[in-house]
Amino acid sequence: MGRTRRRNILNDVMLALTAVCTLITVSVLFMILGFLLWNGFRSLDWNFFTKLPLSPGETGGGVANALVGSAITIVIAIVIGVPVGFLGGIYLAEFGDKTFSMFVRYTADLLNGVPSIVIGIFAWTVIVVPMHSFSAWAGGFALSLMMIPIGLRSTEQFLRAIPNSLREGSLALGSTKTQTILRVIVPAARQGILTGLILGVARVAGETAPLLFTSLNNQYFSEKLSEPTATLPVMIYKLALSPYDDWHRQAWAAGLVLLGLVLIANIAARWVLARGASVQRG
Amino acid sequence: MKRLRDGDKAAHLITLIFAASVLLVTVFLVYELWMHSSSSRAKFGFGFLFTRVWDPNAENFGALPFIYGTVLTSLMALLISVPLAVGAAIFLSELAPQRLSNICTFLIELLAAVPSVIYGLLAFFTLVPLMRHYVEPFLKKSLGFLPLFQGPASGFGYLTAGLILAIMTFPFIISISRESLLSVPREQREAALALGATKWESTWQVVVPFARLGIIGSIFLALARALGETMAVTMVIGNDPSMHTSLLAPGYTIAAVIANEFAEATGDLYHDALVELGLVLFLITIILNASAQLLILATTKKGSKQD
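Chains A and B are the protein sequences, given in the same order. Numbering-wise, my numbering puts 181 at position 181 of the first sequence, and it's gapless, one number per residue. Numbering-wise, my numbering puts 85 at position 85 of the second sequence, and it's gapless, one number per residue.
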């Protein structure tokens, strides 16, 4: 019986260990949230959202320019990235030639895996070098490259999930393929496509590396899209590495705001998706 | 009628152009990295990869300290994160009740969404002091006879970078490994249990080997993430372009040196050397990602075939 007992003990120990592993990994999220809330929450005030950064030594000030700058670069990314992801996704799901689609899909996955710092170098070579200036354009372009693969694959997936009977029904009523896609297929997959968009924004909103030498940074509001532009993630990086206590305080606050936005976007995406799924089922 | 059919052709063409643009942009990316590293490639050749000097003033550049730091920190990260993550994936797919498993998976996916600069912020203000005051003195005292744990310890260095990378990579390993484990057909488990195996034996000797390709794929993917990870590493690695045996010593990684020096680099050769580092990083991660993709594909196919 000794052998059986040993096996049972091993069984219990190993199973308990896997539970411990899960506990450790999940608790990391709560630790991150806890630290940011603890250190960041007391620094959040009205000034933080409305004022410009002050010079070193002064206390107070905020990151208003970085909030606006982040919004601008993300909007540029959406304007460039979403049409490519959305229309490309329609091609893959509705028109695609088999071999060519496979190539596009595989390339999109590779692009998704390219380190963000390398995306930054690419944006620098194609936009910063010819324009002779760091700019919001370059930052937005870099971010759009990171959104495209997500948009492409999620659009395709959601369009493919639409049953073929819907397409056939529409075609049988005499619609052309374009009409079918625009009036039947896309509306049916609307919620899924929206989810992909939100997840794409959430992914790029926190990206820092591709912005370091594309949109760079700015102490003030930038007046033009062709000027260096402050963004929230880059601001966090600069504030954290600075030698001033008051800037560290602001780095925590900015970190809390950024994390809050990213997590809310992620949860919202799931919520839209879950609601969409139940509506379709019902 | 003809006008409408022409509309279909136009729609086909327009969407085709956008789909093709993904291909073109990626090819263009490689082309730009290649062209913008030309003077560095011409001057240093393959020796670039094996040279230990990084001296911007003398315009002498070699990538070895950065490649070393990148590989060392990433492998350390995997050493820590793989057992933890595979353990958690086993728990979530085999043991946990459905509801608990879903909640935990959701939380872990949120963890994967945390921006890397936030990890850097936390590591910089909490992990680094913790390492400097407690962990590293302890390691020196207990394992100091090994060359790995000698020399001054500031909290900034390979070990801290490896730790933060471990934390950043496990969400990827968990969520993909869990899916591979879940795609193992139930008959496999039932057969093992019917032969008298304990739950652990059935999991470890039957289910895990069945899903191994997917698990290995997820590890490759995590490795690619770790190699290319920039912000968190840049904030804790210590930024020292030389090579050390001690894990407590400061070092540098490819992504970190690009992040720190690119905006301020002066001179074509300096920029080109940094772009060439980017090219090296790009090639390594592309190869890893491509193989990970194939491995994951292979497991899901295998699982569904046996269903």
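Because the hints were derived from the structure by calculation, they are not lab data. Misleading hints may appear alongside valid ones.
To be verified - Computed cross-link-like contacts, DMTMM-like style, restricted to lysine to aspartate or glutamate with a CA-CA straight-line distance of at most 20 Å:
1) B:LYS199 to A:ASP12
2) B:LYS9 to A:GLU58
3) A:LYS177 to B:ASP8
4) A:LYS177 to B:ASP6
5) A:LYS238 to B:ASP8
6) A:LYS98 to B:ASP8
7) B:LYS9 to A:ASP12
8) A:LYS238 to A:GLU58
9) A:LYS238 to B:ASP6
Stated by the list, open to error - Stretches of chain B that chain A covers, calculated by requiring three or more beta carbons in the stretch to come under 8 Å of a beta carbon on chain A:
10) 71-78
11) 193-201
Glycine included, every Cβ here is placed at the ideal spot set by N, Cα and C.
Status of each hint after checking the structure:
1. Pair hint B:LYS199 plus A:ASP12 holds up; C-alpha atoms about 9 Å apart against a cutoff of 20 Å.
2. Proximity of B:LYS9 to A:GLU58 is assessed by CA-CA distance (about 63 Å); at most 20 Å being required, the pair is judged violated.
3. Distance hint between A:LYS177 and B:ASP8 is fulfilled; the C-alpha atoms sit about 6 Å from each other, no more than 20 Å.
4. Only pairs whose Cα atoms come within 20 Å are accepted, and A:LYS177 paired with B:ASP6 is accepted, the gap being roughly 11 Å.
5. Restraint check for A:LYS238 and B:ASP8: the C-alpha separation of about 51 Å exceeds 20 Å, so the hint is violated.
6. Our distance criterion of 20 Å between C-alpha atoms is met by A:LYS98 and B:ASP8, whose separation comes to about 19 Å.
7. Among the hinted pairs, B:LYS9 with A:ASP12 is inconsistent with the structure: their alpha-carbon atoms are about 63 Å apart, more than 20 Å.
8. Proximity of A:LYS238 to A:GLU58 is assessed by CA-CA distance (about 16 Å); at most 20 Å being required, the pair is judged to hold.
9. Taken as a hint, the A:LYS238 and B:ASP6 pair is broken in the structure, with Cα atoms around 54 Å apart against an allowance of 20 Å.
10. For the segment 71-78 of chain B, the proposed coverage by chain A is not satisfied: 0 residues have a C-beta within less than 8 Å of a C-beta in that chain, short of the threshold of three.
11. With 4 residues bearing a CB less than 8 Å from a CB of chain A, the segment 193-201 of chain B meets the requirement of three and the coverage assertion stands.
Violated hints, in rising order: 2, 5, 7, 9, 10; the structure is consistent with all others.
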